[in-house]
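Line order of the protein sequences matches chains A and B. Per this note's numbering, the very first residue in the first sequence carries number 1; after that it's consecutive. Per this note's numbering, the very first residue in the second sequence carries number 1; after that it's consecutive.
No wet-lab data here; the hints were simulated from the structure. Some hints here could point you the wrong way.
As the list claims (entries may be wrong) - DMTMM-like, lysine to aspartate or glutamate: derived pairs with alpha carbons at most 20 Å apart:
1. B:94 to A:116
2. B:94 to A:170
3. A:94 to A:130
What the hints assert, rightly or not - Listing some non-contacts, in silico: residues in chain B with all C-beta distances to chain A over 10 Å:
4. 9
5. 20
6. 29
7. 31
8. 62
9. 92
10. 161
11. 169
12. 181
13. 206
14. 226
15. 282
16. 324
17. 348
Think of the CB as a built atom: it goes at the ideal place given N, C-alpha and C, for glycine as much as any other residue.
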Amino acid sequence: MSGETLIEADDVGQHFGDHVVFEHVRFSVQAGEIFVILGGSGCGKSTLMRQMIGLLRPTAGRVLVLGHDMREADAGVLRRIGVMFQGGALFGSKTLLENVMLPLEMHTDLPREAREDIAAVKLGLVGLADAANLQPAEISGGMAKRCGIARALALDPPLLFLDEPAAGLDPVTSAGLDQLILDLRAQLGISFVVVSHELTSILTIGDRCIMLDRDAHGIIATGNPRTLRDGSDDPRVVAFFRRSAPAHGAARNE
Amino acid sequence: MTTAFSSARQGGLLTLRFDGPLDLTATASLWNRTLAAARGAGGRIALDLGAVPRCDTAGATLLAAAETAAGGAAIVGANAEIMALLDRVREARKVAAAPAEQAPYNPIAGAAQATLDAVAFLGEVVVAVARAPARRRMFVFDDLLAFTDKAGVQAIPLVLLLGFLMGLILAFQSSIPLRRFGAEIYVVNLVTISLVRELGPLLAAVILAGRTGSAFAAELGTMVVNDEVAAITTMGIDPVTMLVLPRLSATLLVMPGLALLLEMAGLAGMTLVMGTLGFPPTAVVHQTVLSVRLTDLLGGLFKASMFGAAVSIIGCRTGLGAGLGPRAVGDAATAAVVGGIFATIVLDGVFTVLFYRLNL
Numbered sequence: 001m002s003g004e005t006l007i008e009a010d011d012v013g014q015h016f017g018d019h020v021v022f023e024h025v026r027f028s029v030q031a032g033e034i035f036v037i038l039g040g041s042g043c044g045k046s047t048l049m050r051q052m053i054g055l056l057r058p059t060a061g062r063v064l065v066l067g068h069d070m071r072e073a074d075a076g077v078l079r080r081i082g083v084m085f086q087g088g089a090l091f092g093s094k095t096l097l098e099n100v101m102l103p104l105e106m107h108t109d110l111p112r113e114a115r116e117d118i119a120a121v122k123l124g125l126v127g128l129a130d131a132a133n134l135q136p137a138e139i140s141g142g143m144a145k146r147c148g149i150a151r152a153l154a155l156d157p158p159l160l161f162l163d164e165p166a167a168g169l170d171p172v173t174s175a176g177l178d179q180l181i182l183d184l185r186a187q188l189g190i191s192f193v194v195v196s197h198e199l200t201s202i203l204t205i206g207d208r209c210i211m212l213d214r215d216a217h218g219i220i221a222t223g224n225p226r227t228l229r230d231g232s233d234d235p236r237v238v239a240f241f242r243r244s245a246p247a248h249g250a251a252r253n254e
Numbered sequence: 001m002t003t004a005f006s007s008a009r010q011g012g013l014l015t016l017r018f019d020g021p022l023d024l025t026a027t028a029s030l031w032n033r034t035l036a037a038a039r040g041a042g043g044r045i046a047l048d049l050g051a052v053p054r055c056d057t058a059g060a061t062l063l064a065a066a067e068t069a070a071g072g073a074a075i076v077g078a079n080a081e082i083m084a085l086l087d088r089v090r091e092a093r094k095v096a097a098a099p100a101e102q103a104p105y106n107p108i109a110g111a112a113q114a115t116l117d118a119v120a121f122l123g124e125v126v127v128a129v130a131r132a133p134a135r136r137r138m139f140v141f142d143d144l145l146a147f148t149d150k151a152g153v154q155a156i157p158l159v160l161l162l163g164f165l166m167g168l169i170l171a172f173q174s175s176i177p178l179r180r181f182g183a184e185i186y187v188v189n190l191v192t193i194s195l196v197r198e199l200g201p202l203l204a205a206v207i208l209a210g211r212t213g214s215a216f217a218a219e220l221g222t223m224v225v226n227d228e229v230a231a232i233t234t235m236g237i238d239p240v241t242m243l244v245l246p247r248l249s250a251t252l253l254v255m256p257g258l259a260l261l262l263e264m265a266g267l268a269g270m271t272l273v274m275g276t277l278g279f280p281p282t283a284v285v286h287q288t289v290l291s292v293r294l295t296d297l298l299g300g301l302f303k304a305s306m307f308g309a310a311v312s313i314i315g316c317r318t319g320l321g322a323g324l325g326p327r328a329v330g331d332a333a334t335a336a337v338v339g340g341i342f343a344t345i346v347l348d349g350v351f352t353v354l355f356y357r358l359n360l
């Protein structure tokens with residue numbers, strides 16, 4: 001947790017044809033942080049994450065992750081980040097253990113016994129040791145997300161991206177997942193970038209956040225989520241944290 | 001930076017010393033050596049981490065595995081961060097992964113279960129047909145038209161092409177031996193009887209199994225995987241009536257037509273070959289009419305309908321019986337084609353014996 005900059009978004013923009021998702025987005029993520037990208041549906045949270053993990057080339061600006069320009073993401077940088085997709089994105093034909101072993105098989109020379117042991121440890125870290133031999137179709141949504149995190153942890157990356165970790169989970173499971181994220185940060189020193197619109201989760205885990213807005217085509221607020229909730233006078237931020245409908249002016253803009 | 005590994009025995013205690021970071025790369029190169037040394041120690045060991053500046057979970061797993069292999073280990077010189085991580089990894093390793101419980105594969109029991117399932121599904125279809133008048137609303141007539149178009153009309157070019165080529169090939173092949181006896185005109189009898197009684201319905205069924213049976217299985221399998229069939233059931237709709245009957249009706253309707261078209265195309269191909277052998281079309285048509293009876297034609301078309309029903313029912317059953325996961329749909333489509341062709345040939349054998357006994 002040295003305060004090293006892990007991610008640097010430099011005037012990033014994305015448009016699809018004439019449709020501008022966001023533009024002039026600038027932020028940085030420091031080592032040891034849990035950084036949350038929040039905002040309502042359609043504001044471009046997931047698009048921004050896809051740019052950061054090298055799945056989408058920004059139409060303007062650039063994103064540096066661990067010092068690499070993600071417009072030219074190669075295997076070297078990709079094996080140093082972990083990504084959990086919204087539904088876990090597990091391979092349905094493999095057991096949970098095999099899912100976690102896959103990155104180890106592809107990127108290391110570890111003997112099979114070592115791969116199994118390390119993958120079992122990762123499953124143990126996320127509380128899934130008992131489920132190692134189950135198929136993804138046999139587990140719940142929360143377990144699939146946990147396994148997605150275990151697979152993302154397989155190569156011990158310093159940085160993990162989580163897409164909507166709390167979406168579709170009950171409050172207890174969601175709280176358990178929040179605690180897991182905090183534990184992994186504390187115990188393994190991993191930094192997180194979390195895309196979310198689940199208020200409880202954001203307030204529990206977030207150190208710093210940016211809030212995107214669909215109508216503003218970019219960032220409307222930056223800071224600690226709890227501070228924003230208690231202190232922001234921007235009506236859009238207030239509406240988001242109070243879970244109220246936007247003010248009339250904002251509604252007319254849509 | 002590579003990590004060095006050495007072992008030294010002092011008194012009864014084997015000390016394994018690491019020099020350098022214990023990360024994933026170091027773990028990969030040190031795993032076998034470390035565990036071999038730990039297993040061969042014959043008792044407790046010491047792990048000297050005095051020269052290890054950092055360690056990740058892979059490295060901590062290696063240390064924990066060495067502890068387990070030796071039956072216990074003293075950790076020497078590790079910094080607090082490494083000790084904390086090692087504790088966490090030990091805890092994660094405590095809950096051993098349960099071995100997968102897989103029943104041994106039993107082909108006889110599997111085949112028996114598959115047969116029982118097939119009979120049960122056939123029963124469901126019969127019940128659905130019997131109850132269809134009372135469930136008219138669940139039978140979507142537009143679906144019937146769509147499937148008739150897909151399974152029938154869209155298959156016509158392929159059926160015509162294959163039929164024409166089959167007629168051509170059969171005529172050529174059979175003309176060679178018959179020419180030796182001066183009996184080339186009987187090529188017409190041979191090809192006509194083969195096509196009308198046997199090959200027309202059979203080839204049409206094979207085309208149907210490949211084009212339509214697999215499509216039915218894939219469509220319904222995808223619906224199962226997406227929980228659409230469960231949704232239909234929970235809405236109080238009978239999935240067999242809604243999903244299977246329109247498909248079954250469509251294939252029953254189109255198969256005689258497809259078989260007839262295939263036979264006509266085959267006869268056209270044969271006529272072309274006979275022309276090259278010096279027989280005018282009128283002679284060929286005359287010989288064709290003489291060689292075939294109406295019962296041959298009707299029997300063939302009846303068989304075609306039954307083959308169509310078998311292909312359709314098997315396609316729907318494999319689709320609705322699809323499992324979960326990404327392979328399920330592919331497996332269902334494969335099973336539909338294999339099962340459809342197999343059932344067609346078995347049914348053909350049954351009909352051959354039946355028609356023979358009935359002097360048809």
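Given as non-interface: residue 9 (chain B), partner chain A, CB spacing beyond 10 Å
holds (25 Å)
Is it the case that residue 31 (chain B) keeps its Cβ farther than 10 Å from each residue Cβ in chain A?
With a cut-off of 10 Å, residue 31 (chain B) comes too close to chain A, as the shortest Cβ separation is near 4 Å.
In terms of Cβ atoms, is chain A entirely out of 10 Å range of residue 29 (chain B)?
Label violated. Min Cβ-Cβ 7 Å, cutoff 10 Å.
Using Cβ atoms and 10 Å as the threshold, tell me whether residue 324 (chain B) really stays out of contact range of chain A.
violated (4 Å)
Checking a non-interface call: every C-beta of chain A should be farther than 10 Å from the C-beta of residue 20 (chain B). Is that right?
holds (16 Å)
Quickly compare the C-alpha distance for residue 94 (chain A) and residue 130 (chain A) to 20 Å and report which way the hint goes.
holds (16 Å)
Given the hint that residue 94 (chain B) pairs with residue 116 (chain A), test it: the Cα-Cα distance must not exceed 20 Å.
Given that 20 Å is the threshold and the Cα spacing comes to 14 Å, the pair holds.
Non-interface claim for residue 348 (chain B) versus chain A (Cβ beyond 10 Å):
Given a closest Cβ separation of 36 Å, the condition holds.
Taking the closest pair, is the beta carbon of residue 282 (chain B) still more than 10 Å from chain A?
At about 62 Å from chain A, residue 282 (chain B) clears the 10 Å cut-off, so the statement holds.
With d taken as the least Cβ-Cβ distance between residue 206 (chain B) and chain A, does d exceed 10 Å?
holds (30 Å)
Assess, step by step, whether the Cα of residue 94 (chain B) is no farther than 20 Å from the Cα of residue 170 (chain A), and give holds or violated.
Answer violated: residue 94 (chain B) to residue 170 (chain A) is near 28 Å, above 20 Å.
10 Å cut-off, C-beta based - residue 226 (chain B) kept clear of every residue in chain A
The claim stands: residue 226 (chain B) keeps its Cβ more than 10 Å from every Cβ of chain A (closest is about 13 Å).
Hints 2, 6, 7, 8, 9, 16, counting from the list given before, are not met by this structure.
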